[in-house]
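Note that the protein sequences, when read in sequence, are chains A and B.
Under the numbering used here, the first residue of the first sequence carries the number 1, and numbering increases by one thereafter.
Under the numbering used here, the first residue of the second sequence carries the number 1001, and numbering increases by one thereafter.
Keep in mind the hints are simulated off the structure, nothing from the lab.
Just to be clear, a hint being listed does not mean it is correct.
Said to hold, decoys possible - Subject to a maximum C-alpha distance of 35 Å in a straight line, what follows is the list of computed DSBU-like cross-link-like pairs (lysine-lysine):
#	chain 1	residue 1	chain 2	residue 2
1	B	Lys-1148	A	Lys-31
2	A	Lys-215	A	Lys-176
3	A	Lys-143	A	Lys-215
4	B	Lys-1079	A	Lys-176
5	B	Lys-1148	A	Lys-176
6	A	Lys-176	B	Lys-1007
7	A	Lys-31	B	Lys-1007
8	A	Lys-224	A	Lys-15
9	A	Lys-143	B	Lys-1007
10	B	Lys-1007	B	Lys-1079
11	A	Lys-143	A	Lys-176
Stated by the list, open to error - Examples of chain A residues toward chain B, derived with CB under 8 Å:
#	residue
12	Phe-37
13	Trp-41
14	Leu-43
What the hints assert, rightly or not - A short, non-exhaustive set of chain A residues, derived as facing chain B with CB atoms under 10 Å:
#	residue
15	Asp-22
16	Arg-95
17	Gly-173
18	Thr-174
19	Asn-260
Bear in mind that the values here come from a model prediction, so they are computed numbers and not experimental data.
Glycine included, each C-beta is placed from N, C-alpha and C at the ideal position.
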Amino acid sequence: MDALALLAGEPGVWKPFAGGTDLMVLFESGKLAHRKFFSIWHLPELGGIEVTPERVSLGALTTYTEVQGNEVLRREFPMLCQAASETGGVAIQNRGTLGGNIANASPAGDSPPALLAYDAQLELVSQRGTRLVAYSEFHTGYKRMTLGADELISRIQLPRVHGTVHQYYRKVGTRKAQAISKVCFAGLARLDQSSIREIRLALGSVAPTPLRCLKTEAVLKGQKLEPSLINHARAELAREIAPIDDIRSTSDYRLRVAQNLLQDFLSQLQQQV
Amino acid sequence: MPETTEKVAVNCRVNGLEQTLHAYPMARLLDVLRENLRLTGTKEGCGEGECGACSVLINGRLVNSCLVPVVQVQGTDIKTIEGVALSDEQLHGVQEAFITCGGAQCGICTPGMVIAAVSLLDQNPHPNEAEIRTGLAGNLCRCTGYIKIFEAVVKACQSDGAKA
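Work the whole structure out from these sequences, hints included.
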């Protein structure tokens, strides 16, 4: 791929452009440090949704519209479909891509919490070859990520979701359409009679990166769903996340809403028991 | 594609006509449509993909033309508000409905609203109310004339003209 040769030839100089829904705004306002751009929008290697018995592999250029239109994703990965449907309006969904959402590395992205809860892996490609990284280890700090200057995100791999799984996704913004989230929550759980066999929690807009909440999960895993457990989990979540005041919301509000969303998810699980 | 500060030639079809657009590769499709082709029906509102005033269709898909670098429209089929009417004499059913229902006030959002509605009805000729709201969610009207715009789309769905 010529794109990889460009990136390898002058590392850090070239900026790849996909749908442009984030980058064009920065470019026009003079906020992009890069001066050289190349379009990856038409590269077939980075597109398409492939389904195998083990996983669904989404090309990095998969748009939010394509996510919503895919049968397997609608059936097994409803949180990702919901995130896609709540990202911008139709025009943004037709151009915005999953790979771009990840590479933009905003802590407020809508799809990252769902991808974290699904245990996504990213396939990164360069002239050196291809490597897989766990998405939970990809974002290392605010706008920092495990992506070499010569690498592109090529695919997003999601392990198939089998059996009875409870999924909960909720984005809280100022208004229903076109808003950037104040808090975004994705939760996935499997129950064993009255206890939690497996649980994965991920939040957006509450830390410098999209955050998988392993400590809160550890409090919940294997436990019986009781009111005391929910309180315990709320307290642990407060320690695990680090929301801030900014133009969209306040630290206090985000903390309270994050705890309430966790409680809402756990209460819904309780009703399943 | 290599770095260039030179203008490039981008071939595409706009409202049914083959065009060669000479522009800087990172120029916004919005500006090239308005300035090179003088298709000034497409408006600039926010310039950052929030308001939908610059909506056009690329290969039948609704996009914000302020967010599309022109180099990415090579080989595509573009439709702007100027290409929506069926002929010089006959408007599209959506346009007729906007007139009948008073779906325009200051008019800046109107081309984008019409394009978004045309796009919605192309994909889904009989949308329910929620689907209409979702279809127009990316288009802002700062006169806040949303009810009449919504009614216009409902009316367009009921007329045969919607599918034209």
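Now for the hints, and whether the structure bears them out:
no.: 1; hint: Lys-1148/B <-> Lys-31/A; verdict: violated, 39 Å
no.: 2; hint: Lys-215/A <-> Lys-176/A; verdict: holds, 31 Å
no.: 3; hint: Lys-143/A <-> Lys-215/A; verdict: holds, 23 Å
no.: 4; hint: Lys-1079/B <-> Lys-176/A; verdict: holds, 28 Å
no.: 5; hint: Lys-1148/B <-> Lys-176/A; verdict: holds, 20 Å
no.: 6; hint: Lys-176/A <-> Lys-1007/B; verdict: violated, 41 Å
no.: 7; hint: Lys-31/A <-> Lys-1007/B; verdict: holds, 22 Å
no.: 8; hint: Lys-224/A <-> Lys-15/A; verdict: violated, 49 Å
no.: 9; hint: Lys-143/A <-> Lys-1007/B; verdict: holds, 33 Å
no.: 10; hint: Lys-1007/B <-> Lys-1079/B; verdict: holds, 23 Å
no.: 11; hint: Lys-143/A <-> Lys-176/A; verdict: holds, 26 Å
no.: 12; hint: Phe-37; verdict: holds, 6 Å
no.: 13; hint: Trp-41; verdict: holds, 5 Å
no.: 14; hint: Leu-43; verdict: violated, 12 Å
no.: 15; hint: Asp-22; verdict: holds, 9 Å
no.: 16; hint: Arg-95; verdict: holds, 6 Å
no.: 17; hint: Gly-173; verdict: violated, 12 Å
no.: 18; hint: Thr-174; verdict: violated, 12 Å
no.: 19; hint: Asn-260; verdict: violated, 25 Å
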